[in-house]
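K.L.:
Those protein sequences? They're chains A and B, same order as listed.
For reference, each letter of the first sequence is one residue, going 0 to 310 in numbering that gives the first Met the number 0.
For reference, each letter of the second sequence is one residue, going 0 to 531 in numbering that gives the first Met the number 0.
Hints listed in this document are in silico derivations from the structure and should not be mistaken for laboratory results.
You may find that some hints are simply not true.
Covered by chain A, per the in silico footprint, the following chain B stretches (three or more residues, Cβ under 8 angstroms) [claimed, not checked]:
hint, region
1, 49 to 58
2, 196 to 208
3, 292 to 302
Distance ranges between label pairs, derived from CB positions [as the list claims (entries may be wrong)]:
hint, chain 1, residue 1, chain 2, residue 2, range
4, A, Ala-186, B, His-78, 21 to 31 angstroms
5, A, Asp-2, B, Ala-132, 42 to 52 angstroms
6, A, Gly-296, B, Arg-131, 15 to 25 angstroms
7, A, Gly-296, B, Gly-83, 47 to 57 angstroms
8, A, Phe-106, B, Gln-290, 57 to 67 angstroms
This structure is a prediction, so every number in the text was calculated from the model and none was measured.
Here a beta-carbon is modelled for each residue, glycine too, at the ideal position from N, C-alpha and C.
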Amino acid sequence: MNDGAFVALLAASVVAGVPIALAALGELLAERSGVLNLGVEGMMLIGAVVAFQVGNSSGSLWLSLVVGALAGGALALVHAVLTVTLRASQIVSGLSLTIFGTGLATFVGKSIEGLPLATDFRAVAWGPLADLPVVGPVLFEQDPIVYATVVLAVAITWYLRRTRAGLSLRSVGESPATADSMGIAVARLRYLHVVIGGVLAGAAGAYLVLGQVPSWSQDGTTSGLGWIALALVVFASWEPMRVLLGAFLFGFSRQLNFYLQAKGVDVPAELLSMLPYLLTIAVLVVWGSRDLRRRVGAPAALGLPYVRDER
Amino acid sequence: MTSGDHPGETATVSSPPSRGVVALAARRVTKRFPGVVANDEVDFELRAGEVHTLLGENGAGKSTLAALLCGLYQPDDGHIERGGQPVRLRSPREGLARGIGMVHQHFRLVERFTVAENVVLGDPAQPALLRRADIEARVAEIGERFGLPVDPRARVSSLTVGQRQRVEIVKVLYRGAEVLLLDEPTAVLTPQEAEALFTTVRAMTAEGKAVVFISHKLGEVMAVSDRVTVMRGGRVTGEVATAATSARELAELMVGRPIEAEVRRGSAAGGEGDGTEAGPALEAAGVRLVQGGQTVLDGIDLAVFPGEVVGVAGVAGNGQRELAAVLAGITAPTSGRVQVAGTDVTGGGARAARGAGLAFVPEDRLGTGLVPGLSLTDNMLLTRRREFLVNRRAARREMATAIESFEIKTPGTEAAARVLSGGNAQKVLLARELAGLGTGAGPRAIIVASPTRGLDIGAAEMVRGLLHDAREQGGAVLIISEDLDEVRSLADRMVVLYRGRVALEGPTDELTLEEIGLAMAGIQPEGAVAPG
Ligand SMILES: Nc1ncnc2c1ncn2[C@@H]1O[C@H](COP(=O)(O)OP(=O)(O)O)[C@@H](O)[C@H]1O
Ligand SMILES: [Mg+2]
């Protein structure tokens with residue numbers, strides 16, 4: 000257990016889990032407001048390509064991260080306008096977002112395909128704590144975004160459970176008619192959380208190029224992580240801490256491949272690349288059954304546009 | 000009696016001087032919806048410490064007035080006054096901020112939230128960080144003070160309808176409402192729950208709060224209110240002090256014309272001996288029905304004799320609907336027998352039941368009872384299967400006679416059934432089903448589900464009269480309804496269903512309301528819970 004490769008594997012798993020966690024936490028907020036956004040993959044790609052371009056030309060890590068996140072938020076805003084204001088189908092709008100995001104990222108990314116990025120997030124060591132065996136490298140020698148993600152998951156839990164605003168948000172996702180009659184601004188809350196969801200997805204994409212693989216490649220950058228994030232929200236029963244845990248597990252399973260290869264065990268890469276789609280199918284099965292959905296704890300009004308009924 | 004015309008007259012009604020302050024008022028408010036004026040220059044005054052009933056038939060405009068008073072709707076004309084000052088309430092939230100709270104006919108609760116969470120939802124007075132213990136303590140305290148026991152930690156999805164209503168009331172009291180608008184609160188309650196609600200209402204007025212109580216049930220109006228404002232067709236037709244009026248006067252204000260003497264349940268026609276000797280016209284023996292793994296009817300024995308009206312009562316979902324379907328032959332029972340006039344029709348379908356002399360008026364009048372797209376004449380012909388060729392001319396004559404004698408409002412015998420209002424559809428159905436009664440060719444037994452549900456007083460009165468006549472002519476009438484008042488006013492004998500079993504049975508006159516209510520709630524008189 001104490002071999003260096005295994006500790007490296009654990010440390011890498013944490014890093015690999017961060018973008019999944021960020022994107023899934025964002026999607027969780029949107030879904031808690033009752034809006035399903037299948038555009039996570041598209042928003043992540045846009046965030047990644049924009050962050051890469053900004054990073055390339057400015058050299059500033061934080062600026063790249065912020066602009067990438069905002070790009071994701073902008074795409075989510077389109078989704079909010081279509082589904083909240085115009086009451087379009089959330090499924091159709093979300094899928095279009097992914098198609099659009101993928102297309103645009105390919106187009107913008109053509110010139111930078113395969114280029115490396117000069118700058119990336121570096122780990123910060125927590126003084127003597129980082130020297131502890133195993134836990135040191137895994138927990139106390141990571142980059143700032145890793146810690147920010149953990150803090151975010153805790154904060155969202157607290158927001159949902161303990162605050163007045165969180166209660167309002169949950170009511171909008173459970174029963175918008177009730178929320179409306181209690182004076183809660185349903186549309187405003189939905190817009191807000193869909194856009195925050197997009198910002199987090201954009202940040203997740205940005206982190207992929209800024210923190211993990213400092214290069215851009217159309218196929219390799221997200222490779223279905225957005226779909227995994229979507230599935231994770233369902234498997235985590237819309238609970239932030241479970242999302243975080245699940246994200247690290249997924250990160251581990253992705254890194255395990257490399258570890259096993261290094262150990263001489265050969266796992267077909269195809270198996271791994273199938274994973275997002277298998278999970279998506281599993282989620283759609285759950286989604287298709289009202290009863291299952293209720294049982295796994297889906298917000299009762301998830302996926303439904305809200306029309307105020309005067310009667 | 001129109002308050003708008005003679006404000007001086009109504010001002011003389013007695014009410015304690017200390018409670019004279021006008022808490023909330025509507026001044027000549029008008030509210031239009033496409034094609035209908037729901038409130039037409041309505042005047043309404045509510046004084047502190049009083050229970051003021053808004054009485055009117057379905058569609059009279061009561062809920063609309065309440066919505067205007069609480070800020071859900073804004074008047075097209077006229078204005079609302081709170082404490083003597085004109086106010087503009089742009090939302091229920093603004094209404095609540097001024098101490099006006101409404102409990103809707105259809106509850107507004109988040110099922111997955113706890114009671115406490117529902118209570119503080121959207122409350123601007125809550126701190127940004129919710130203090131659960133404080134909230135729960137206050138909910139409990141309010142429950143104590145007004146007789147509204149609720150567990151603040153329970154999830155709403157696990158509560159009964161009566162408990163949910165209490166949560167709704169606690170919710171508005173928590174926000175400090177001084178004026179409460181209760182829209183048809185007793186419609187969903189058992190008699191005992193309604194009685195508890197009246198106690199709560201009195202506790203609230205004792206603290207100086209004012210309550211608007213919306214209802215169309217005359218009995219409870221007389222029991223609970225200090226004053227009554229009657230509405231009809233969007234207008235106020237009168238405002239009276241309860242002490243100075245009678246149920247009859249109120250009924251006339253509601254309908255807009257004198258009411259004939261209420262149909263009395265006389266003693267069963269023909270004396271008890273005759274009918275019993277002839278044997279039951281409709282009989283169920285040990286009827287069990289299992290649907291989707293659930294036992295919905297569990298060994299029902301029931302007999303209806305010629306010349307009597309039997310009523311089946313119970314809280315919705317205790318097997319009434321299924322019993323009607325089994326007796327009418329629509330659903331085959333899992334076990335047990337159904338006989339119509341001595342003929343076993345078990346499993347023979349609706350055709351066998353009708354053939355043996357059973358008539359059936361379903362709850363769903365336009366759809367199951369009448370074919371909406373067919374003319375009245377064609378609907379009349381639907382159940383005549385004796386001749387090969389239809390005699391359209393005779394049917395049309397029959398329909399024309401029915402239209403005349405039952406005062407059915409329709410453009411003519413060839414109008415499509417879909418244009419009929421609920422009351423008129425019911426009259427057409429009864430005309431068809433009761434045709435030939437007592438002549439030997441007509442039905443021997445008739446089942447009517449919710450005979451007067453949704454009908455205005457005039458139509459309900461006529462339907463009661465028709466059923467009464469059917470009994471006089473020796474018909475066996477079975478009424479199945481979720482409305483206890485309806486059953487009690489029509490039936491000679493009553494049966495109460497609880498979880499698919501007969502929980503109570505006896506002559507209507509000999510059963511007390513309390514006994515019936517306990518049976519409906521599944522509680523046996525000794526206090527033990529009925530098996531189920
Ligand atoms: N939101 C609405 N849109 C259109 N018509 C309405 C609406 N609300 C009520 N009405 C109509 O206004 C009239 C009064 O309705 P309502 O106030 O609900 O009566 P009540 O509560 O006395 O039964 C009815 O004719 C009803 O159909
Ligand atoms: Mg109403």
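K.L.:
Using C-beta distances, would you say chain A covers the region 49 to 58 of chain B, given that this needs three or more residues below 8 angstroms?
P.N.:
violated (count 0)
K.L.:
Taking the CB of A:Asp-2 and the CB of B:Ala-132, does the distance hold inside 42 to 52 angstroms?
P.N.:
holds (51 angstroms)
K.L.:
Within 21 to 31 angstroms: is that where the Cβ-Cβ distance between A:Ala-186 and B:His-78 falls?
P.N.:
Between A:Ala-186 and B:His-78, where Cβ atoms are some 29 angstroms apart, the hint holds.
K.L.:
Cβ-Cβ distance between A:Gly-296 and B:Gly-83: within 47 to 57 angstroms?
P.N.:
The hinted range 47 to 57 angstroms holds for A:Gly-296 and B:Gly-83, with Cβ atoms some 50 angstroms apart.
K.L.:
Return holds or violated for the Cβ distance of A:Gly-296 and B:Arg-131 against the range 15 to 25 angstroms.
P.N.:
Roughly 21 angstroms apart at Cβ, these two residues keep to the hinted range, so it holds.
K.L.:
Test coverage of the region 292 to 302 of chain B by chain A using CB-CB distances below 8 angstroms; three residues minimum.
P.N.:
violated (count 0)
K.L.:
Kindly confirm whether 57 to 67 angstroms is satisfied by the beta carbon distance between A:Phe-106 and B:Gln-290.
P.N.:
holds (59 angstroms)
K.L.:
Given as covered by chain A, does the region 196 to 208 of chain B meet the bar of three residues or more with CB within less than 8 angstroms?
P.N.:
violated (count 0)
Of the numbered hints listed earlier, those contradicted by the structure are 1, 2, 3.
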